[in-house]
Amino acid sequence: MHKALIVCRSQTEAFAAYRLLEGAGIRGAMTRPPRQDRTSSCSYAVRIDCSELDAAQRRLQEKNFVPCKVHILED
Amino acid sequence: MIYFDNAATTLVKPKQVYWAVSAAMRTAAGAGRSGHRPAMHAGQLIYDCREAVARLFRLDDCTRVIFTYNATYALNLAIHALCRTDTCAAVTGYEHNSVVRPLTERGTEYIVLESPLFDGAAMVTAAEKAIGLGANLFIVNHVSNVFGAVAPLAALDALLTAHGIPMILDASQSAGILDIDVSRYTSLAAVCMPGHKALYGPQGTGVLLALSDELRAPLLQGGTGSVSSDIRQPDFLPDRFESGTLNAPGIAGLAEGVRFILRVEQDTILRRERKLLHALAQGLRGVPGTEVFAADDERAQCGVLSFRRADFACEGLAEALAARGICVRAGLHCSPLAHRSAGTLASGTVRASVGYFNTMGEVERFTQEYADIVKKKL
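Just so you know, the protein sequences line up as chains V and Z, in that order. Quick note on the numbering used here: the first sequence kicks off at 96 and runs consecutively. Quick note on the numbering used here: the second sequence kicks off at 33 and runs consecutively.
The set of hints was computed from the structure by calculation and includes no laboratory data. Bear in mind the structure is a predicted one, so any value in this text is a computation, not a measurement. Glycine included, each C-beta is placed from N, C-alpha and C at the ideal position. Take the hints with a grain of salt, since some may be wrong.
Unchecked claim - Only part of the chain Z face toward chain V is listed, based on derived beta-carbon distances under 7 Å:
hint, residue
1, Y50
2, G67
3, M72
4, G75
5, S258
6, P270
7, L377
Chain V with its partners taken away, still in its complex shape:
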């Protein structure tokens, strides 16, 4: 199954995203994204199933949360 990484600038921002998504019933896991997928070094991400990506992006948009980027990982 493909996973999506919602990449954030910091662990705090990633936790904020994680909590926002959790509030919408979207299960995620906190992770450090691989270096080549980062916008810059040392960032954190919330990993979710790709199937929930649209819902996740809508939720984040509703809450005015702008992640650094969204990256699709292939297992």
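Given the structure of chain V, go ahead and fit chain Z onto it with the hints provided.
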């Protein structure tokens, strides 16, 4: 032992605080650095604490909760970030050295709002005059650490809001006791507080609520675990102000302290402390020769009570009380300005400060022991 030095730090904490600190010592690694479970756990503990503090102060954005080492660091951060070369600060006559010393070090001009003890109306009048003289930044001690005098926050906020003047609030003695709903006070640029007093967290913790976007320059630059390829300090919160490894065990404990307050409710804590303080004042007044600095209106005071005698040096009194297992503080309490305003600079005072876990029985025993000390000396 009777611990009446809660204004210095609270010694008795809710048991959940001790458990949280102990557990975090064993399970929480460096937050915001690595991706393994202990590091993520530390990050979660810290984020949970940000949310709890934000809830207590009705702050929408928990990234504006900045963790510091104590209130002094938070005040220094706010003062150095907001003072400019053209700043004319106004401070109450009851400010702590953690406000006066940074201003002095910077060479920032400041006006003292001269007002009698427990006279909020006079403080507001002085504030109006200070604005007329060009004051463009106010630093206000919400509750005096020497006398427990409560500053008229709502009236000052209304005045400053009308003039577009920002306020730094020193909530060292009020956070956790007096309700501070930051959404109500539009002049507040920063609220500074220790974690280890009435928030019942451990020493080594403090909080700055960074409410104004004018707070830009941090005191420290360094590793934040974010955007590391950029050699410039991050410009987003809270990372801008939090360099270096955070005190995860301390913050975990602080979270439990804040949760305790949210459960018990500040109004309950305030009523309990005011009842103890009132009884303490009555008891002290019953010993002839004791000058007690207590407000006629109990709403003008909270948590802290100072007293002195003409015939007994305050340090000697405190030492005699300590020998009987009673913990108080004596001297100038790092607030010479407060003593100057109240006329106690030459003598200092003995300060008793109650907390939620003190009891009426302790107040009664304190009064008996104090009366006995006075009787034996005279």
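A quick look at each hint next to the structure:
The restraint placing Y50 of chain Z at the interface with chain V is violated, with a minimum CB-CB distance near 25 Å, outside the 7 Å limit. Annotation: G67 of chain Z was flagged as interfacial toward chain V, and the flag holds, the nearest CB pair being 3 Å apart, inside 7 Å. At about 5 Å, the closest approach between the beta carbon of M72 of chain Z and any beta carbon in chain V falls short of 7 Å, and the interface hint on this residue holds. Contact between G75 of chain Z and chain V, as hinted, is supported at the beta carbon level, the nearest pair being about 5 Å apart and thus within 7 Å.
Residue-level restraint check for S258 of chain Z holds (minimum Cβ-Cβ distance to chain V is 4 Å; threshold 7 Å). Below 7 Å, beta-carbon pairs count as interface contacts, and P270 of chain Z has one with chain V at about 6 Å; its hint therefore holds. The beta carbon of L377 of chain Z comes no nearer than 45 Å to any beta carbon in chain V, farther than 7 Å, and the hint placing it at the interface is violated.
Violated hints, listed in ascending order, are 1, 7; each of the other numbered hints is respected by the structure.
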